[in-house]
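Student: Here is how the chains run, residue by residue.
Number of protein chains: 2
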Amino acid sequence: MSSLSNKTVVQKYGGSSLKNVTAIKKIAEKIIKTHSEGFNVVVVVSAMGKTTDQLLYQATKIIKNISSKHNRDIDMLLSTGEIVSATLLSMAINSNKLGVNSISLTGPQAGIKTNLNHGSARISKIEISRLKKELSSKKIVIVAGFQGVSQTKDITTLGRGGSDTTAVALAAALKASSCEIYTDVEGIFTADPNIVKNAKLIHYLSFEEMLEMASLGAKMHPRSIELAAIYNIPISVKHSSKISKGTIIKSGIKKMEIREVVTGIPTERKISKITINDLDDTPGVAASIFMPLANQGINIDVIVQSAGNNGKTNLSFTLSENHLNQAIEILNDSNKINSKNINSEQGLAKISIVGTGIQNQPGYAARMFKNLAGAKVNIEMITTSEIRITCIIKDSDIEKATNTLHKEFFG
Amino acid sequence: MSSLSNKTVVQKYGGSSLKNVTAIKKIAEKIIKTHSEGFNVVVVVSAMGKTTDQLLYQATKIIKNISSKHNRDIDMLLSTGEIVSATLLSMAINSNKLGVNSISLTGPQAGIKTNLNHGSARISKIEISRLKKELSSKKIVIVAGFQGVSQTKDITTLGRGGSDTTAVALAAALKASSCEIYTDVEGIFTADPNIVKNAKLIHYLSFEEMLEMASLGAKMHPRSIELAAIYNIPISVKHSSKISKGTIIKSGIKKMEIREVVTGIPTERKISKITINDLDDTPGVAASIFMPLANQGINIDVIVQSAGNNGKTNLSFTLSENHLNQAIEILNDSNKINSKNINSEQGLAKISIVGTGIQNQPGYAARMFKNLAGAKVNIEMITTSEIRITCIIKDSDIEKATNTLHKEFFG
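Order-wise, the sequence lines are chains A and B.
The letter at position 305 of the first sequence is residue 296 when you use my numbering, and the numbering goes up by one with no holes.
The letter at position 364 of the second sequence is residue 355 when you use my numbering, and the numbering goes up by one with no holes.
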C-alpha cells in the first residue's frame, strides 16, 4: 500500500479526559480541529472514567480471589471498556456538521498483535493495512487502547495504563510525526505538586529520565516510554482541556557540560520494608525468596543486599504496604528462611533525584544526603542508578525532605 | 476435524436470567450440571438485564437522532454488553471446585460470519473449528450472543433478540441434539396470561405456529424460528429457574384429522390504523406508499386492500401507535396521495386464532366471528393466513374478546 500523503498524528486520551458525555464532545471538537489542519489523525482511547475499576468490581463479586486461570476472561471483560469509549467518541465525531468522518476500531481490528500473556501482553507486531486504508479515505481513526489479539485469536490486554503503549506503538508503526498524550494534569513536574507548592512544569525530558519520573504528575505506562525510546518517537504530555505546552519527552536534549543535572524529585508514599537477616550467602538464595513473591504478583521495588560476612548476608527490600502481610506469610512458608530472622517496617516513603549524568558528576549524592541530614531526615536505605539516587525515609518526613531538596536543586 | 464424541446441547440465557451476580452464579451451576451429565455444552448469552438499553441511552446523550451513519459504531458499542455477560458467566463456571473449565468467546471468535447489514445483520456462515477445538478439550463454551463479524472484519449485530438466532445457528452448525432457550416465563401460552387468567402452557408447537404466536409469553427472535424450521432443530423454551417442561417447538407434531386445531390466541395492543381512500388502482401504487415508510424504519403489520372500483381502491394498514404521526407526515409528503383521503385511528388491538390447518377446516372463522359478535366486539379489519385468522378490534374490547375466544376454544 502506498504511504500516506499527509503527516500522521497519534493522540491518546485517558479515562479522566473521557469521563462523561460532555467531556467526550469536547475531545471530539479538538480532534476535528487537528484533522482540519491537514493531519491524518489516529486517536487512542482509554476506558471512560472509572469503568475499568467497575468492571473489575463486578468480576470480584463473582469470584473473590481472581487468579491466573481467570486472566483470559478478565482480559475480554476489561477490553469492553475501551470499545465503549471508542464508539461513543466516534459517534460524537461522526455527528459533526463539517462532513468529517471517523471510524472506531477495536485493538484487534486495528491490527495490534500481541503474545498470549493475558493481563500484561506485549505487542509483537502491528498490521497497519486497515489503519492506512481508513486514513487514506480521510477518516479519523479511533482505536480502543490497552488491547490486542494473540495468534490464537484471543483478546489480550497490555496491563493497566497500556493505552499509552498502544499509542506509541501505533505512532511507531505509522511513522507518525508526533504522539500526544492528553491527560488531566499539565505534564511532568519537578516534584509532586501536592507536596511542593512551587513545583515547576518540566518542558523537556529524556526518555531515560521519564522512566524514573513516572510519579511526578502525569503517570505513563513505563513500556510506552521504552518503546518510544527504541523507535525514537517524541511524546508530548499535555492537559486535555487547558492550553499549555506540556512536557516533551524525546532523545537528544542538549545541555552543556556544566549545568544543574537534576530534572525532578519523584516521591512515592505508603511503602514498607522487609529485612531478612542471616541468610545463607549461596547462589540461588535470592531467587528462592523473590520467585514465590513474583508468582503471587507481589512487586518488589528497591532491593539492597549487604556484603556477605561468614557466609551470611542481610537482604532488605521495599514493597507496597498493601502487599506486606501477604509477603510475610509467603516468606514464613519458605524452608530457606528462619522466620525469626524476618523483620518488617511500615510507614516509609521513597524520594529520588533524577537527571541524566547524575552518576558522572560528583557531588549530587553528597548534596542530597547533606540536605536531608540538615532537615533531620533519617535515611534508611540508599540505591542508585545511572541517572537516579534514591533514599528510603520515614513517610512522616516526606514533605520536609521533598521541599528541602526542591529548594536545593530548583531554588 | 473429527466429529465430537458426545451429544451437544446449546443453551441460551436471556438478559432477565443474567440480571445480577446471584443470577449468574445460579445459571453457572445449572450449566455445570448439564456438562456433568456428559454433554458438550455451548451457552449463548444476552447482555445482562437492561445493559443494551443503558448503552443506547449513552449513545443518545452523544447524538440525539441516531441515523444509519452511526450504525457501525452502535453495533460495536452494543456488542460489549454480551461480551461482559459471557466473561462473567465464564468466570463463575471457572471458579467451580469440580475442575470443570469454560471459555468465553465473542461472536467473531465463535466463528459467526454475517453480512455487513449493521443493526440487523444476517448470519452467512459459522466456522466451527474453534468451537469444536474447545469442546473437544471438554470446555464449556460461552458465546456472546447477538453479534458476528463481516468479511470486512467489522463487528455486526443481528438485531434486538438476536441471541436466539445465534443459539439456533450454533445448534444447526454443531448438529446439536437440542437447543434450549431459557427465559423469565415458563414457555408459550394459549393466550396472554395477563389477559386470560387460566391461559394454559402449550407443550408442543410447530415452527409455523410459533411464528404467529410470538406475543404469547416468551418472545423469540422470529428469524431464530425460521432458521430452526429450515435446519429442523427442536427448540425448547423454558423458565431459567423454575422446574417446568416448558414449550417444545418442533416439526412433525402428529394430530389426528378430527381435533381442535386452535393452538393459541395471540394478541397485540397499542396499534393504530391508517386508511387511504380513492387511490389510483394502478401498478406500483402500493410500493409508492410502503417504500418511503420502510425507508424510515416504520414497520407495517396487517394490510388490507379492498377490490378496485372505477379504477379507484381503498387501502388500510396497521402500525404501532408510536409510529403513527411520523407515518402520516411521510404520506402527506407523497405526491401520489391526496392528503384529504388519509384517515387514521388509534386505540386498536389485534387478536388472532392460530393453528396448523385452520384454513382447511371449515367453521373456525365463523366460530371466531360469532363469538366476538356475541360479546359485542366490533371487528374493524380481517386478515387470514394458512394457519391464522386475525381481527383488528378496539383496544378497549381486548380483554372481553380474548376471554370469550379462550373459553370457546380451550373450554
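Possibly wrong hints are sitting among the right ones.
When chains are identical, the list treats them as one kind, so a pair holds in a single copy or across two.
Under the rule of at most 25 Å between Cα atoms (straight-line distance), these lysine-lysine pairs were calculated in the BS3-like manner [stated by the list, open to error]:
# : residue 1 : residue 2
1 : Lys116    : Lys144
2 : Lys144    : Lys124
3 : Lys361    : Lys52
4 : Lys123    : Lys144
5 : Lys303    : Lys116
6 : Lys385    : Lys17
Hint data in this document are derived by calculation from the structure and do not stem from the laboratory.
Student: Next, verify each hint and record whether it holds.
Tutor: Evaluated hints:
Taking the shortest alpha-carbon separations for Lys116 and Lys144, both the intra-copy value of 14 Å and the inter-copy value of 18 Å come in at or below 25 Å. In this homomeric assembly, Lys144 and Lys124 come within 25 Å of each other (Cα to Cα) both inside a single copy, at 22 Å, and across copies, at 13 Å. Within a single copy, Lys361 and Lys52 get their C-alpha atoms no closer than 51 Å, and across copies no closer than 58 Å, so neither meets the 25 Å cut-off. Within a single copy, Lys123 and Lys144 get their C-alpha atoms as close as 22 Å, and across copies as close as 15 Å, so both meet the 25 Å cut-off.
Proximity of Lys303 and Lys116 under a CA criterion of 25 Å is satisfied in neither setting, with 47 Å inside one chain copy and 68 Å between copies. When the C-alpha separation of Lys385 and Lys17 is checked against a cutoff of 25 Å, the pair qualifies neither within a copy, at 43 Å, nor between copies, at 50 Å.
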